[in-house]
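Peer 1: Each chain, written out:
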Amino acid sequence: MKGINTIMEEKQLMLTLKRLAHELIENHYPFTDTCIIGIQPRGIALSDFITQYIKEIHPEVKVEYGKLDITFYRDDFRGQIHIPSITELSFSIEKKKVILIDDVLYTGRTIRAAMDALLDHGRAQKVELCILVDRKFSRDLPIQPDYVGKSIDSIVTQKVKVYWGADKQVVLYDSI
Amino acid sequence: MHLSSKHLLGIRDLLPEDINLILDTAKQFKEVLQRPIKKVPSLRDITVVNLFYENSTRTRISFELAEKRLSADTINFSANSSSVSKGETLLDTVNNILSMKVDMVVMRHSATGAPHFLSNHIPAAIINAGDGINEHPTQALLDALSITEKLGSLKGKKVAIIGDIMHSRVALSNIYLLTKMGAEITLAGPPTLIPKYITESFPVNITYNVKEALEWCDVANVLRIQLERQNQVLFSSLREYNQAFGITKQLLSGLQKDILIMHPGPINRGVEIDSDVADSGQSIILDQVENGVAVRMAVLYLLSGRKEVST
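Top to bottom, those sequences are chains Y and B.
Residue numbering for the first sequence follows our numbering, starting at 28 and increasing by one per position.
Residue numbering for the second sequence follows our numbering, starting at 1053 and increasing by one per position.
Just chain B, same shape as in the assembly:
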């Protein structure tokens, strides 16, 4: 059995069977991560480069750990300490790295479509670790794994995605994945942060009232307010955002049920989510981080099988 795609560029290209295959494989890797020796030799003949043109803590560490747990050799690259600052193009940089016999590329880039462009020009398997405001597929997969662990399956589950939908690649990947797996979605946030025509592309509901979204959902995925991507003023102040759209203890205790609280990190405490909510029993934020390593191991494992056997 194989994934239908040679790369993981986005959830958009995956079939529901691919998603199930990745999640099932990830569950087995979770067991590996519970062992005293948390390492398997599957990728010992594979070299992976982590190409990060944009800052990252979780995703980068998570990918690097996943590679090491699979016994792959890893190279780390960050744009600000490399020849990119001397003006080298993306394709030149990657081709130079690949000429040193690298098999897989994990890539984060601030330009939407950068990994897609690369996939047309290089033979190595590419895993998108976030491109611009487009997709962040492994985040959506680990969110899916976290939800299925708590609620059994995705089908028919009600997921509210709250916050900055416009600039969030996590939101877009989650919308693709949840739609493909038969979950229901409501987007909530200020009108300025929700794309106007999104209901024409996806079967999602929109509300500008966070309380309404919370009352409806089983799971609330709270997104980060991306301060670095705000060129224009889309809401008047962080304090006002917190007043109107922040997830507070008070808001949650007013609900009739316990919902799961998710957040892709990094958290702006006191802006989109209050500290006492982020650290509460309803929050599965740290489960998400734990699942991230297993999901990335599964993706690396499944894509590495596509390597041609050299005889």
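Chain Y with its partners taken away, still in its complex shape:
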């Protein structure tokens, strides 16, 4: 990878995720008719962390949590076959508030597909979007996040990657 630029170190990444969790708590406590859904595959690490953190600081609430795979709803799969991941939604989202969580918001096409996929699981009362990294001014569709970890300026040839493992960080790099 060329032109690597770390935009979030582990310490800041953790702080940001906790801040996002607190924002969700502020708006949705006690989560009686709200569910959290992580988008496969890369939103899951973040949604796992946020849901777990909410449970830690509010052990009294029971947060409904699911994972959504959007592969079959993509508009670009003719170019390249994407391998589907698991969808785990053990509850109905009918009349619930849904918080979608993903790592990076770029063109908005993934979220478009996710909203399409959600429709097949029921009619949500409201859908909100929680994003770790928002790449500003790069949307192909009129989709904006409700909760943002960090907004960044980037150009088309750059990519954002969230590393989640031993060495947690978010980097911006040149893809060509």
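Errors might be hidden in some of the hints.
[Said to hold, decoys possible] Okay, the calculated beta carbon distance ranges per label pair:
| hint | chain 1 | residue 1 | chain 2 | residue 2 | range |
| --- | --- | --- | --- | --- | --- |
| 1 | B | Ser1253 | Y | Gly192 | 45 to 51 angstroms |
| 2 | Y | Tyr56 | B | Gln1308 | 54 to 60 angstroms |
| 3 | B | Asn1107 | Y | Ile110 | 33 to 39 angstroms |
| 4 | B | Glu1280 | Y | Gln152 | 54 to 60 angstroms |
| 5 | B | Gly1234 | Y | Ile110 | 20 to 26 angstroms |
| 6 | B | Leu1203 | Y | Ile113 | 16 to 22 angstroms |
| 7 | B | Leu1085 | Y | Lys163 | 37 to 43 angstroms |
Honestly, the hints are just simulated from the structure, not real lab data.
Just so it is clear, the structure is predicted and the values come from calculations on it, not from any experiment.
Glycine included, C-beta positions come from ideal geometry on N, C-alpha and C.
Model the placement of chain B on the given structure of chain Y, informed by the hints.
Peer 2: Structure of chain B alone, referenced to chain Y:
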């Protein structure tokens, strides 16, 4: 990731990675089929023709459902109610259909190699739904999915294929697939229905004693006696076949273990398998049918990605 082939003509052409890719994708489609809305929009720009030159219930309905669950447009064609009876050739029929902008062909034909012939002449992706006595690849894939669901994996599993091996395309596709995935195979049945030289082509065991095969195996795949393909008398009567090679409750209760019983359908009850076995808890015949839709969705989905993007 792609399948290594543009068509699904037979398991013979697939790599083990292809088989794993299809089975993994099929598992995700099984989840889709559990939802209240059992439909995804993946193939909404694709038109599929189901070209059935031979009768079929399960395979045809299963393919059609799979196409509809993927939002593809479908056309059904059966030979006996078409211009085939006026003498139109296979290639002419298909070219006429394709000129109406059809993207994929699902085909069953009584002639061995018919889809292979077609694949040399037309641009559309072809899925073989059974050709003569050659292959029936989606059946072998759904059998594999059914076995892995119950037993975890195929590697090292002992599968007995019992009955009319000679005329069965299900048997041949299963032999290819199980061999590629590292399972062990025993073929059992009357000597007249097992090809004499099959051990020279495949690493399979042969026994003419069904009890012996059942004692050895984890899974018994019982094949249909194909009455329509018997031009010569290969066994004296159905009753005698049932006596010697039929799977009976008595035979199964004499075993030390519970084995899985599979059958590709349609069942000749009281011939190759008794009713109380077919309807027992050991039988996964209806799981096979359920898995058929998911497997065919996976195949259609993975092959449709090969369509050139028109810009």
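Peer 1: Checking against the hints above, which ones are violated?
Peer 2: none
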